[in-house]
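J.: As a plain string of letters, each chain reads:
Protein chains: 2
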Amino acid sequence: MNLETIRHSTSHVLAAAVKRLYPKVKLGIGPAIEDGFYYDFGDLNIKEEDLESIEKEMRKIIAKDEKFIQKLISRKEAEKILRNEPYKLDLLKDLDDDKISFYYTGEFFDLCKGPHIKSTKEIKAFKLTKLAGAYWRGDSENDMLQRIYGIAFESEKELKEHLRLLEEAEKRNHIKLGKELDLFVFSDVVGKGLPLLTPKGTIIKRILERFIEDEEIKRGYQYTETPVLAKSDLYKISGHLDHYRESMFVFEANGEEMVLRPMTCPHQFMIYKSKLRSYKDLPIRYAEIADLFRNEQSGELHGLIRIRQFSLADAHIICMPEQLEKEFEDVLNLIKYVMKTLGFKNYWYRFSKWDPKNKKKYIDNPKAWDISQKTMKKILDKLKLEYIEADDEAAFYGPKLDIQMKNVYGKEDTIFTVQIDFALPERFDMTYEGEDGRKHRPMIIHRSSIGCLERTMAMLIEHYAGAFPLWLSPIQVRIMNLTDRNIKFCEKIAKELEKNGIRVETDYSKETMNKKVRNAQLQKIPYMITIGDKEEEKGTLAVRTRNGNVRFGIRPEDLIKEISEKVENKDAD
Amino acid sequence: MNLETIRHSTSHVLAAAVKRLYPKVKLGIGPAIEDGFYYDFGDLNIKEEDLESIEKEMRKIIAKDEKFIQKLISRKEAEKILRNEPYKLDLLKDLDDDKISFYYTGEFFDLCKGPHIKSTKEIKAFKLTKLAGAYWRGDSENDMLQRIYGIAFESEKELKEHLRLLEEAEKRNHIKLGKELDLFVFSDVVGKGLPLLTPKGTIIKRILERFIEDEEIKRGYQYTETPVLAKSDLYKISGHLDHYRESMFVFEANGEEMVLRPMTCPHQFMIYKSKLRSYKDLPIRYAEIADLFRNEQSGELHGLIRIRQFSLADAHIICMPEQLEKEFEDVLNLIKYVMKTLGFKNYWYRFSKWDPKNKKKYIDNPKAWDISQKTMKKILDKLKLEYIEADDEAAFYGPKLDIQMKNVYGKEDTIFTVQIDFALPERFDMTYEGEDGRKHRPMIIHRSSIGCLERTMAMLIEHYAGAFPLWLSPIQVRIMNLTDRNIKFCEKIAKELEKNGIRVETDYSKETMNKKVRNAQLQKIPYMITIGDKEEEKGTLAVRTRNGNVRFGIRPEDLIKEISEKVENKDAD
Numbered sequence: 033m034n035l036e037t038i039r040h041s042t043s044h045v046l047a048a049a050v051k052r053l054y055p056k057v058k059l060g061i062g063p064a065i066e067d068g069f070y071y072d073f074g075d076l077n078i079k080e081e082d083l084e085s086i087e088k089e090m091r092k093i094i095a096k097d098e099k100f101i102q103k104l105i106s107r108k109e110a111e112k113i114l115r116n117e118p119y120k121l122d123l124l125k126d127l128d129d130d131k132i133s134f135y136y137t138g139e140f141f142d143l144c145k146g147p148h149i150k151s152t153k154e155i156k157a158f159k160l161t162k163l164a165g166a167y168w169r170g171d172s173e174n175d176m177l178q179r180i181y182g183i184a185f186e187s188e189k190e191l192k193e194h195l196r197l198l199e200e201a202e203k204r205n206h207i208k209l210g211k212e213l214d215l216f217v218f219s220d221v222v223g224k225g226l227p228l229l230t231p232k233g234t235i236i237k238r239i240l241e242r243f244i245e246d247e248e249i250k251r252g253y254q255y256t257e258t259p260v261l262a263k264s265d266l267y268k269i270s271g272h273l274d275h276y277r278e279s280m281f282v283f284e285a286n287g288e289e290m291v292l293r294p295m296t297c298p299h300q301f302m303i304y305k306s307k308l309r310s311y312k313d314l315p316i317r318y319a320e321i322a323d324l325f326r327n328e329q330s331g332e333l334h335g336l337i338r339i340r341q342f343s344l345a346d347a348h349i350i351c352m353p354e355q356l357e358k359e360f361e362d363v364l365n366l367i368k369y370v371m372k373t374l375g376f377k378n379y380w381y382r383f384s385k386w387d388p389k390n391k392k393k394y395i396d397n398p399k400a401w402d403i404s405q406k407t408m409k410k411i412l413d414k415l416k417l418e419y420i421e422a423d424d425e426a427a428f429y430g431p432k433l434d435i436q437m438k439n440v441y442g443k444e445d446t447i448f449t450v451q452i453d454f455a456l457p458e459r460f461d462m463t464y465e466g467e468d469g470r471k472h473r474p475m476i477i478h479r480s481s482i483g484c485l486e487r488t489m490a491m492l493i494e495h496y497a498g499a500f501p502l503w504l505s506p507i508q509v510r511i512m513n514l515t516d517r518n519i520k521f522c523e524k525i526a527k528e529l530e531k532n533g534i535r536v537e538t539d540y541s542k543e544t545m546n547k548k549v550r551n552a553q554l555q556k557i558p559y560m561i562t563i564g565d566k567e568e569e570k571g572t573l574a575v576r577t578r579n580g581n582v583r584f585g586i587r588p589e590d591l592i593k594e595i596s597e598k599v600e601n602k603d604a605d
Numbered sequence: 033m034n035l036e037t038i039r040h041s042t043s044h045v046l047a048a049a050v051k052r053l054y055p056k057v058k059l060g061i062g063p064a065i066e067d068g069f070y071y072d073f074g075d076l077n078i079k080e081e082d083l084e085s086i087e088k089e090m091r092k093i094i095a096k097d098e099k100f101i102q103k104l105i106s107r108k109e110a111e112k113i114l115r116n117e118p119y120k121l122d123l124l125k126d127l128d129d130d131k132i133s134f135y136y137t138g139e140f141f142d143l144c145k146g147p148h149i150k151s152t153k154e155i156k157a158f159k160l161t162k163l164a165g166a167y168w169r170g171d172s173e174n175d176m177l178q179r180i181y182g183i184a185f186e187s188e189k190e191l192k193e194h195l196r197l198l199e200e201a202e203k204r205n206h207i208k209l210g211k212e213l214d215l216f217v218f219s220d221v222v223g224k225g226l227p228l229l230t231p232k233g234t235i236i237k238r239i240l241e242r243f244i245e246d247e248e249i250k251r252g253y254q255y256t257e258t259p260v261l262a263k264s265d266l267y268k269i270s271g272h273l274d275h276y277r278e279s280m281f282v283f284e285a286n287g288e289e290m291v292l293r294p295m296t297c298p299h300q301f302m303i304y305k306s307k308l309r310s311y312k313d314l315p316i317r318y319a320e321i322a323d324l325f326r327n328e329q330s331g332e333l334h335g336l337i338r339i340r341q342f343s344l345a346d347a348h349i350i351c352m353p354e355q356l357e358k359e360f361e362d363v364l365n366l367i368k369y370v371m372k373t374l375g376f377k378n379y380w381y382r383f384s385k386w387d388p389k390n391k392k393k394y395i396d397n398p399k400a401w402d403i404s405q406k407t408m409k410k411i412l413d414k415l416k417l418e419y420i421e422a423d424d425e426a427a428f429y430g431p432k433l434d435i436q437m438k439n440v441y442g443k444e445d446t447i448f449t450v451q452i453d454f455a456l457p458e459r460f461d462m463t464y465e466g467e468d469g470r471k472h473r474p475m476i477i478h479r480s481s482i483g484c485l486e487r488t489m490a491m492l493i494e495h496y497a498g499a500f501p502l503w504l505s506p507i508q509v510r511i512m513n514l515t516d517r518n519i520k521f522c523e524k525i526a527k528e529l530e531k532n533g534i535r536v537e538t539d540y541s542k543e544t545m546n547k548k549v550r551n552a553q554l555q556k557i558p559y560m561i562t563i564g565d566k567e568e569e570k571g572t573l574a575v576r577t578r579n580g581n582v583r584f585g586i587r588p589e590d591l592i593k594e595i596s597e598k599v600e601n602k603d604a605d
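Each protein sequence line maps, in turn, to chains C and U.
Using the working numbering, you'd call the opening residue of the first sequence number 33 and step up by one each time.
Using the working numbering, you'd call the opening residue of the second sequence number 33 and step up by one each time.
No lab work stands behind these hints: they were computed from the structure.
It is possible that part of the hints are untrue.
If several chains are the same, the list does not tell them apart, and a pair holds so long as it fits within one copy or across any two.
Stated by the list, open to error - Taking lysine to aspartate or glutamate and the EDC-like style, the derived pairs with C-alpha atoms no more than 16 Å apart in a straight line are: (1) LYS312 x GLU537; (2) LYS307 x ASP214; (3) LYS556 x GLU212; (4) LYS409 x GLU188; (5) LYS531 x GLU247; (6) LYS385 x ASP423; (7) LYS556 x ASP539; (8) LYS224 x GLU288; (9) LYS224 x GLU284; (10) LYS393 x ASP424; (11) LYS145 x GLU173; (12) LYS268 x ASP220; (13) LYS593 x GLU528; (14) LYS531 x GLU589.
Please read all numbers here as calculations on a predicted model, not as lab measurements.
Whole structure, please, built from the sequences with the hints as guidance.
T.: This is the structure:
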């Protein structure tokens, strides 16, 4: 049996139940989606707690084992039947069939092509999950409808397993953990999609930043620092203002149109163009931890993943065509190294190519497409990477390679992108003097290495469920005293650790030691040191780790060595 | 004799000469300024090269030894005399004297109160220096006039000395050196006041950033990272939108009024307010290398000193009133340490206090003013700092301390500022729970430690004339080969140095060794290594330093040790 058919049929049962309970509602659409279905209703205004009674009504309909019956009806008749359903009438206009397909289930009917299950008894396991608002046809100019989401599976067992996984994922939700671990906050007066990193969140970001800066410098990148503000003229040249304007913050100041940059490339190109460049200077690898801005719709915003200001570890490699292969390979090796260091294992590559027939979408330069796509493929094969090819999904200016990962909810996300670009060098008239003394066009690789730092932080929070590897932990050690007598010795140990670059916190509260340890565990702190009279006497420490391991009689210098080595090696723990 | 009087009188002679050569010009104003004078003219359109003939005409007038004669004239008569001088008529309106004062010099006359020298022979040494545009009365709604600048001194000797100093300063000009040393560029399509740091400039900025971050963390600061974009609501609360709007970038997006932040404080306050705070948490020292924006007038922009986007090493110390003294002392100690590390020696403090009588300008809280001013003074005296007191120059919310330095042109600049603030905690309703279980108001210290990084870079460039101390040098070592045979060995040495974190550049060009060394010296590179067959044979290096010192037979490991130690100690060279 087709699960999608079951899910779509369940949405009909949902609509039937809602119609019974709220006869005045107007029907929108009710498709199957991943794991379930939804249905949109006009003139409905219910609350989450009402979902229970709707579910009950649905179970009644299912118990009656109603049949799904298709009827083909003339357009005129259909218009009559749907006279009180404005959204359905709107949909009817788009159909150019002679006979209009309807599905009947008991007293309920719906404009629908099917297919459907035979009868409601085939629905074995479903649950309504949440309410949301949705514009009719997704257009904010239209009516706002109320959307009811549900899930449906072939068996109760599968449904329960799904709910269990969801619950597991929910524990890893970076928004929830971000609050619990005090990593970032939002503020109504600052605005939506503009996270404020607290001291702990800032530590993680700074470590990632310095890590990637140092690593890239070692690999021959040169860092630049360019302004986030620019005249819109810059983005007229790049073409972004034409293609991308509505996602940009554009405004006027001092009689000039200004933008908050959505990209780093044109800024770095201006540095390239500030001097004459020779083939001897190439490749030039400009990197920048660049603050970028996207005017995302407020409904699209999500935690640290979709935000309006973010820091991208961006770079542009400007090279001769004959250098492209090596540079591209080096980029992939850097990305592999970064993924390994962060501890991300389950990822794959998506290689997006052009469609030579789609002349409108792509720059018409078959030779350049050929070179760049062949280069990408060659290196992917050479490095034996696991990749999927996707036709007609390239950027307009060249092929791209996305690094894909599943998030904790099982949803596929792109975390980094690498693109080969032969169009912008043309638009910006970028050149280099070749060995022949003539001017040539360079090619450009646009790439990230560690992605948008905020998004990567979100992925790390979810991946590790907040229990970051030692080198990334905002607090690496918490020191707790058994009695007030021990505070002085605790302070001495804290100072010694700090002198060695270890991030330490102390807890001298009046709680019991058990409670203190529990609190530290909830904060997912890697090392917990407890100090009582016994420890003080011997000058050693009792050391607990996050995973429950307890050791006694550890000498401070040995602990410092252990921690320093793990940090140095960036152990994934 | 009063030099100011000589300078102002010279401006009359300038106007007389211009009137002779360009009879249609309209007279603006002609005051004495530091080192000289200027005069503004309407309906004048000359070029720099015309200044010579004007100077010649001035010398003729001076040679004739014309007297300066004051005449007091009735308003009616004055209006008649000035009927063709619209700007002078405009000035006349502002005068409420019965008799209007004019000064005559030969056929030239000017609406002027004086005083003046007796006759033109007292003008011993002057020179016209440059042309500029200036709006009448400094208002961009008014006519644009042409301004001629000149300098004047009591003797030719002093004039020459001044020109020599100017020339010296010009060699240190950070805009000129920034170009020569390839530290930053501007781009017309990016816009005015928005510098792009090249790889070399970015190295300096990153070193300063990491230096101050690490130092502040050691001293108990916690870093935050907050967005540069915010709803204007945030700045309504702080009061900036009312007082400061025209210097801010304000625009609309998604139906909300947004700003590019001019300050960090309200953002960090939102983090403070995201949790309940107890007296046990205080002091909280939030630091951030914060990108800030000021919509400076385009005429105000200057190199890296006055720009529209800059990075301020900002911090806000939120503390209990009883903690203020210690915190303020720690801030001053940090600043002293930073100044010493940067090698800045000639600086002093300017302590700006309120005026209790000026009720409009200041928050009316005499007790808070008293505490905070006394605290400032106490610490300044305790630390035996050299400071100047300035009445009625505080910020509206509290007293401030500016750290003042003379730039290479002898002009006084503020490089950092420390303020005590008892007003914003009120406006933002910031509280902490005291030991008594009640809510209390904290006090706040606003401070910088290393200032605006771009401005500090400009100061460093000018202070060191581009010959940065080793730890700040974008390139620390340049390796040059005598013959192509030696390239391989050069590369080996370069790799070894780089592995030890030393920033190396190579020059394998076909130039002579002398030329190569000269090029490296022009780039002010601290260490130059030259390698020929002899060096390669022995495995040692010939090492030159910027100051002309040459040593032979240096072992690579010894050089690495020498450089590493100097960098580690941040030697000022």
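J.: Hints the structure violates: just list their numbers, smallest first.
T.: 4 and 11
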